[in-house]
Amino acid sequence: MTRPQWVPPGTDTEKPNAARVYDYYLGGSHNFAVDRELARRAVELWPELPMIMRANRAFLRRAVHYAAEQGITRFLDIGSGIPTFGAVHEIARETAPGAEVVYVDQDPVAVAHSELLLADDPLSQVVQADLRQPADLLTRPPVAALLDAGEPVAVLLVAVLHFITDAEDPEGIVRQLRAAMPAGSILILSHACLEGRPDQTGPHQDLYARTPTPLTMRSRKRISGLFDGFDLVEPGVVYLPEWQPENPGAVGSHPERFTGMAGVGRLP
Amino acid sequence: MSAAPAPAREPADSFGEAWAALLHESHGGMLAPAVIRRLVNRTTELLREARNGDPFDPRPAEEVGALLVHARYTDPGVLARVVTLFQRQPLDGPRGPALAGAFAAGWAVALREKTLREQESIRLAADSARKGAERALYASEARFRALFESAAIGIGIGDLEGRILEVNPALLELFGARPEDLAGRRVDDLVHPEDTPGVWDAYGELIAGKRDHFQFDKPYYRHDGEVVWTHLTVTLIRDQQQRPQYQVAMLEDITDRYRLQERLRFQATHDELTGLLNRAAFFERLEAVFEAPEPGARFGLCYVDLDGFKVINDSLGHDAGDQLLAAVAARLAAVLTPLGHVVARLGGDEFVVLLENCSGAEEAVAVAETLLEALDGPVVVGDHRLSVGASVGVLERTVATTTPMAAVRAADLTLYRAKEEGRGRWTLFDPRQNARAVNRYAVSVRMPVALDRGEFFIDYQPLCSLADGSLAAVEALVRWRHPQLGVLGPEEFVATAEETGLIIPLGRWVLEQACAQAADWSRRFGAAAPQLNVNLAARQARTAGLVSDVADILASTGLDPGLLQLEITESAVVGRDDESLPALHALVGMGVSLAVDDFGSGWSNLAYLRDLPVSGLKIAGSFVADLHDPEKDEQLGWRIVGAMVSLAHTLGLVVTAEEVESEKHAERLRSMGCDWAQGWYFGRPVRPSEITVRIADGIAQRGYRQ
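Sequences listed follow chains A and B, in order. Using the numbering used here, the letters of the first sequence correspond one by one to residues 1 to 268. Using the numbering used here, the letters of the second sequence correspond one by one to residues 269 to 974.
A few of these clues could be false.
Below, simulated SDA-like cross-link-like pairs (lysine to any residue); rule was C-alpha separation at most 25 Å, straight line [as the list claims (entries may be wrong)]:
| # | chain 1 | residue 1 | chain 2 | residue 2 |
| --- | --- | --- | --- | --- |
| 1 | B | K382 | A | M51 |
| 2 | A | K15 | B | K578 |
| 3 | B | K382 | A | R93 |
| 4 | B | K478 | B | R446 |
| 5 | B | K578 | B | R693 |
| 6 | B | K478 | B | Q508 |
| 7 | B | K382 | A | H254 |
| 8 | B | K399 | A | A180 |
| 9 | A | K15 | B | E388 |
| 10 | A | K15 | B | R693 |
Because the hints were derived from the structure by calculation, they are not lab data.
With the sequences and hints as input, model every part of the structure.
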């Protein structure tokens with residue numbers, strides 16, 4: 001049953017939350033015991049996880065930097081979580097000082113935290129919305145204002161679509177977002193993939209199954225398919241460290257161990 | 269420190285390289301290379317400052333620790349690597365360990381502060397989110413509260429024990445009560461004697477969790493004792509585990525609507541003038557008696573019609589008539605309603621009393637006498653003292669043996685018998701008289717449409733030669749498959765058809781059908797085909813179009829006129845100058861033969877018989893039938909039959925005896941020279957297909973050939 005709009009969602013700090021678990025992996029303390037508990041168990045099963053999360057964050061940084069260098073000054077970060085370190089607005093403004101960012105998350109704690117953090121930043125806004133209802137998300141005033149100007153927008157779906165189940169139709173969601181993006185916009189996307197460590201995917205998905213945000217890892221083919229309608233920027237859909245590395249040593253000899261695929265597409 | 273640094277021994281370059289490499293490698297790419305380069309430069313400078321400071325000040329090294337934490341070098345592994353680096357490549361002799369210690373302290377303090385700050389900020393965020401949710405929840409609760417408080421519909425919440433927990437102002441207003449009046453009240457207290465049957469059953473099922481809601485129109489007593497009618501909806505509220513928790517009742521005041529409905533219902537079921545039940549309501553009550561009767565249940569009807577009401581109405585005017593009717597109704601109701609009988613006005617000056625439970629005919633008759641007695645005294649209308657009489661048709665039956673419509677018809681017919689027998693009396697239903705009257709009624713009402721709807725059909729009865737038993741002729745006998753009365757024979761409706769004139773189209777139809785059938789036999793069997801006898805009613809014989817009708821039918825069916833014999837009754841032709849004679853002559857002229865039917869049943873005028881162009885004579889069935897009657901002299905009977913046979917032969921007519929039912933009679937008739945016979949012994953009226961079989965059998969037996 002869908003809750004009517006005017007009934008508020010609850011804030012359940014008794015359950016682990018993907019945004020706060022992610023923060024823990026990145027060395028942050030924006031998390032609660034339940035989050036750390038889950039993260040520790042995940043790391044026990046899969047010690048590289050913090051490294052993978054950092055690689056994901058590093059991809060986000062490189063991709064946002066790329067977008068800013070392409071002249072993009074509008075950013076829509078969907079599934080932004082707790083953007084404490086290396087937040088999109090900070091990265092973007094290194095290149096484009098006036099960059100505007102709208103952060104979107106469905107978790108009320110993450111949203112509240114972002115609001116506290118960004119209270120003094122007139123160019124950043126926070127929206128609580130659910131990616132599974134893209135039509136609703138797109139009509140939220142800050143989002144609509146960002147897109148309505150007709151200028152290219154960088155839409156970030158970084159490590160978020162694997163929280164969308166097949167039944168919730170991730171391809172359909174991306175399609176709806178694409179339809180709202182002005183020409184020349186950029187899609188920045190990363191997604192947990194099945195190929196890198198097939199031995200780990202099962203237990204890891206089981207662990208997340210107990211959170212409000214269960215995890216669905218997908219194949220490289222499915223992930224590439226999410227860029228339908230976009231022109232892929234070099235080098236295409238690749239393992240996280242392989243996307244436009246800043247130096248050859250950064251990729252390492254086993255990029256597949258990062259089990260995340262990333263890519264950037266440009267809307268013609 | 270006084271010693272000047274010697275560039276040759278300067279280890280800073282190799283330390284600097286190692287330091288830069290450490291910072292670049294241990295970060296996982298989260299920082300932009302340019303940012304790391306800036307960090308390397310700044311920290312290298314600080315470390316140099318610490319190393320060279322005099323006196324020794326560890327604070328720049330502490331700051332390096334803090335800078336690393338701020339740049340998210342928070343992994344303890346980083347600390348280990350830094351300390352190791354400081355030990356392995358001492359910046360400057362004795363200060364290495366101190367610098368390492370200062371760095372570690374700065375790193376730890378910064379990390380601790382960062383952790384505390386972030387914990388605080390996330391708690392703050394969680395708190396803010398929770399407050400936001402609470403505010404929203406409160407707002408939504410406030411919205412509901414406002415809805416509850418200001419709803420125009422009465423809302424009450426109760427627990428499963430029936431305790432009323434909370435009611436809204438609209439409900440208080442509906443009940444005309446103050447909050448304290450309802451405090452501690454129970455739902456069960458709100459019973460009203462006019463509660464719709466089932467409402468409390470539904471309530472029980474709801475409380476038990478067997479149903480989720482119900483709706484009824486239900487009356488309540490207001491606090492002031494007045495009755496308020498409501499449209500009540502009760503809903504069961506369950507918890508998340510689907511266990512029943514509360515009941516919510518919503519009540520809409522429909523008192524005005526209900527009263528209007530009641531008034532309309534009263535108007536719809538009562539006679540405006542007298543206030544008695546009206547015709548429709550009476551039939552409803554009557555039909556209810558038949559709905560689920562007890563075995564052996566009896567009921568009674570008294571149909572009442574005022575005697576001479578029309579005269580009063582015509583002479584004194586309608587107002588006087590109406591006053592009289594109202595007075596009569598009041599008297600009837602006064603004596604009969606207390607006995608539990610239903611009194612209704614059917615219209616005009618007709619009233620009816622329904623005894624829904626009747627002990628027997630005596631009780632119904634007693635009611636009739638009571639009501640006649642009640643009408644005994646004069647009624648004062650204006651200046652007039654009018655004496656009213658009435659006739660009553662009394663019907664008393666078991667429910668199982670009749671139907672509402674039949675009972676009403678019977679009571680009505682009985683009333684007319686009462687009127688005929690003299691006024692001011694009651695007459696009890698007589699089944700035999702009724703049957704006759706009903707038939708006439710049912711027949712005359714239905715007959716006009718019956719022909720169009722194809723309800724008539726024709727059977728054929730054999731007329732056999734007494735000489736050899738062969739099939740000589742068939743008589744066409746019309747039947748009516750009446751939708752209510754079943755199959756009727758001609759004796760049951762032909763008289764009515766003659767009265768109403770329907771006999772003309774019906775007769776034509778019969779002739780057409782029968783001629784077509786006979787023509788078919790003729791074509792198939794040639795000389796073996798029987799003659800066709802068709803009855804001609806008196807009224808038909810006098811119809812101008814008869815001759816041309818017959819001619820047309822013969823032409824259209826192709827029947828040989830010599831195969832058609834029309835049977836006429838004595839009464840059809842009464843004299844030499846009868847207007848039908850020319851027509852009969854014309855028929856004979858075209859080759860059709862005539863026979864006198866039912867001979868001897870009327871005052872036969874033998875003289876006219878000689879003048880009629882007939883060729884056959886059928887002795888009325890009663891003469892042969894009487895031969896069975898032990899009370900009648902059989903020998904005399906036979907002599908009469910013999911006389912008729914010889915009379916007919918004298919006139920040159922073929923004689924047919926009717927109603928021959930035994931071989932003995934057939935033999936006796938044959939021996940006295942009677943030509944043909946008809947009756948059950950020779951065959952009942954049957955479907956044409958059976959006649960066809962019989963013709964074919966006759967051919968097989970006697971060797972006729974086409």
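Checked hints:
no., hint, in the structure
1, B:K382 / A:M51, "holds, 21 Å"
2, A:K15 / B:K578, "violated, 94 Å"
3, B:K382 / A:R93, "holds, 24 Å"
4, B:K478 / B:R446, "violated, 33 Å"
5, B:K578 / B:R693, "holds, 18 Å"
6, B:K478 / B:Q508, "holds, 17 Å"
7, B:K382 / A:H254, "violated, 33 Å"
8, B:K399 / A:A180, "violated, 33 Å"
9, A:K15 / B:E388, "holds, 19 Å"
10, A:K15 / B:R693, "violated, 96 Å"
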